[in-house]
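First to last, the protein sequences are chains Z and X.
Under my numbering, the letters of the first sequence match residues 1 to 318, in that order.
Under my numbering, the letters of the second sequence match residues 1 to 318, in that order.
In short, the hints are calculated from the structure, not lab data.
This one's a predicted model, so the numbers in the text were calculated from it and none came from an experiment.
You may find that some hints are simply not true.
List of simulated lysine-lysine pairs, DSS-like, C-alpha gap at most 30 Å [stated by the list, open to error]:
(1) LYS34/Z x LYS243/X
(2) LYS198/X x LYS230/Z
(3) LYS230/X x LYS282/Z
(4) LYS301/Z x LYS230/X
(5) LYS301/Z x LYS34/X
(6) LYS34/Z x LYS301/X
(7) LYS253/Z x LYS262/X
(8) LYS262/Z x LYS301/X
(9) LYS253/X x LYS198/Z
(10) LYS301/Z x LYS253/X
(11) LYS262/X x LYS301/Z
(12) LYS262/X x LYS282/Z
(13) LYS230/X x LYS198/Z
(14) LYS301/X x LYS42/Z
(15) LYS301/X x LYS243/Z
2 protein chains.
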Amino acid sequence: MGIVDQILAGDVRATARVLRDIDDQVPTIHPILKQLYPHTGKAFIIGFTGSPGVGKSTLVDQLTIHYRKQGLTVGILAVDPTSPFTGGAILGDRIRMQRHFLDDGVFIRSLATRGHFGGLTKSTNDMINVLDAMGKDIILVETVGVGQDEVEIANSAHTTVLVTIPGMGDEVQAIKAGIMEIGNIFVVNKADREGSRKTIRELMNLIELGLRHQGQNGWEPPIIQTEAIKSRGIEELGEAIQKHRDFLLANDKSNLRDVLVKRARTQLLEVLKEEALRTLMKRIETRGIALDTLVDQIVEKSTDPYSVVQDLLNNELP
Amino acid sequence: MGIVDQILAGDVRATARVLRDIDDQVPTIHPILKQLYPHTGKAFIIGFTGSPGVGKSTLVDQLTIHYRKQGLTVGILAVDPTSPFTGGAILGDRIRMQRHFLDDGVFIRSLATRGHFGGLTKSTNDMINVLDAMGKDIILVETVGVGQDEVEIANSAHTTVLVTIPGMGDEVQAIKAGIMEIGNIFVVNKADREGSRKTIRELMNLIELGLRHQGQNGWEPPIIQTEAIKSRGIEELGEAIQKHRDFLLANDKSNLRDVLVKRARTQLLEVLKEEALRTLMKRIETRGIALDTLVDQIVEKSTDPYSVVQDLLNNELP
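With these hints in hand, go ahead and build the complete structure from the sequences.
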């Protein structure tokens with residue numbers, strides 16, 4: 001049985017191998033992804049974003065238990081782009097692995113690296129597709145940072161959950177400008193902490209202020225209070241996610257279609273970026289041009305990045 | 001006088017126009033950047049990174065005052081990738097503008113957008129180069145998020161300041177894995193808050209644990225306590241930055257060279273990525289292929305992103 005069939009049959013080792021190759025940006029992975037693609041589209045994808053320390057991992061764990069109780073299988077992708085050097089995501093991964101170790105219905109993987117060629121968004125989308133094709137019912141995507149990459153990754157989900165905690169008033173101000181618009185559901189975690197009401201009030205004001213006009217097709221984001229560490233509020237969060245899912249499926253799935261188009265466009269552009277650069281780099285190498293020499297020349301100011309690229313493109317894209 | 005000469009003469013309006021074109025990814029900007037490039041390399045670039053709400057903007061403002069007192073001119077770039085929708089960086093920008101409005105020695109600009117083609121890293125580097133060529137002595141680059149983009153942007157600086165606040169113990173854990181390695185100086189802002197000592201102790205432990213082995217050439221990151229809002233600790237931070245600058249210039253500038261090589265390599269790859277994609281997209285358009293149609297086909301699963309890109313590259317890069 002080939003690797004594609006193994007993945008379609010839910011084989012964990014084959015899946016793990018392909019996910020590792022995606023993370024390592026092995027170019028031979030694309031023919032496999034191509035064959036898996038027609039088998040995607042069945043999983044429901046839920047993204048979690050928010051600053052470090054707000055408790056996203058615990059929430060994801062609790063939701064996993066929630067979905068497992070319903071008999072649904074779960075794939076978890078933890079995107080930790082803040083660890084380009086030491087691969088720090090691995091530790092958190094292992095801790096989790098222990099919890100769900102004996103449960104075949106849960107597959108966990110973290111992405112820590114982003115190579116020269118591709119974006120984290122591309123790798124995450126590729127991995128989502130593999131877990132989808134593998135047959136996972138629910139895919140939970142957790143991002144660690146709150147930068148542009150994380151916004152894009154959240155955009156790959158059907159439902160995006162924005163997690164915050166009380167007492168980060170500054171943060172609510174800081175995130176309101178842009179990242180809030182992508183939140184379909186707001187979670188105030190650690191809701192027993194001081195300042196909880198204030199945070200909720202602020203979020204309500206922001207929603208009131210016009211979030212409903214911001215491309216969510218009339219969906220009004222609910223605010224859910226949780227204490228993930230005590231399993232409190234998880235049912236409510238599960239219900240809110242279900243409601244958003246129903247919303248996407250309503251009106252002959254027209255809302256869902258908007259999400260899928262956005263995702264397909266992102267995927268196409270990301271693959272295009274990666275492959276265009278890879279193709280160019282390969283040709284540069286073939287022609288015996290050493291990138292290091294060009295870099296040295298730029299440092300010495302005998303040339304500049306713009307001239308170098310112009311030369312390369314003129315010669316390589318005749 | 002052409003726009004290049006205007007910028008070299010320190011003209012604010014010409015500079016603002018070019019920065020706007022960079023943010024808008026206007027392709028005709030490259031010839032201008034090319035001419036400015038030989039005039040770069042004089043400014044000292046300081047990057048500030050950390051979660052929203054830790055007080056980076058206030059620190060940057062205070063340091064601006066610090067450098068202005070020394071008679072140095074300052075350029076400020078505020079990178080706010082979390083605001084792709086409403087351009088939220090603008091508000092903070094305006095508040096700052098008021099403070100430094102009458103001071104010709106300060107130039108402030110924020111980047112809020114990231115287009116389809118280029119990365120935020122590229123735009124930021126381009127803007128740094130313009131402010132450098134324009135004659136600013138010090139360039140302060142403040143990133144709002146803590147994702148991979150922000151790590152890369154911080155890498156564009158000569159000195160990277162990592163800002164945190166007390167009581168974010170979880171965060172220290174979360175960031176330790178990767179982002180810590182890029183910090184040349186750690187700042188505990190709002191140091192009067194409860195938990196300050198604990199945060200400092202944790203940071204010290206992390207530095208002790210092996211940061212010095214992580215590619216900083218023997219530099220040991222100091223921890224500076226500040227209360228930026230009361231201007232406390234700013235002198236100490238200024239001194240720490242000066243020490244790191246001296247460190248870079250020591251040993252016949254060999255440490256500085258490492259920074260410059262890393263930066264030139266990043267810049268080259270980022271320009272290459274942007275231009276390769278732009279060239280391809282132009283040709284796709286010229287051939288009358290509608291991207292929307294391809295996206296629809298991907299949504300319908302009659303094709304997939306990998307096949308589409310393969311076709312495009314085979315035809316476009318013969």
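Hints, verified against the model:
1. LYS34/Z x LYS243/X: 53 Å, violated
2. LYS198/X x LYS230/Z: Holds - the C-alpha atoms of LYS230/Z and LYS198/X are around 25 Å apart, at most 30 Å.
3. LYS230/X x LYS282/Z: 54 Å, violated
4. LYS301/Z x LYS230/X: Measuring from Cα to Cα gives roughly 42 Å; hence the hint is violated.
5. LYS301/Z x LYS34/X: Roughly 11 Å between the alpha carbons, so the hint for LYS301/Z and LYS34/X holds.
6. LYS34/Z x LYS301/X: 11 Å, holds
7. LYS253/Z x LYS262/X: 48 Å, violated
8. LYS262/Z x LYS301/X: Holds, at about 14 Å.
9. LYS253/X x LYS198/Z: It is violated: about 52 Å lies between the C-alpha atoms, which goes past 30 Å.
10. LYS301/Z x LYS253/X: 16 Å, holds
11. LYS262/X x LYS301/Z: 14 Å, holds
12. LYS262/X x LYS282/Z: Between LYS262/X and LYS282/Z the Cα gap is close to 21 Å, so the pair holds against 30 Å.
13. LYS230/X x LYS198/Z: 26 Å, holds
14. LYS301/X x LYS42/Z: 12 Å, holds
15. LYS301/X x LYS243/Z: Distance ~26 Å between LYS301/X and LYS243/Z Cα, so the pair holds.
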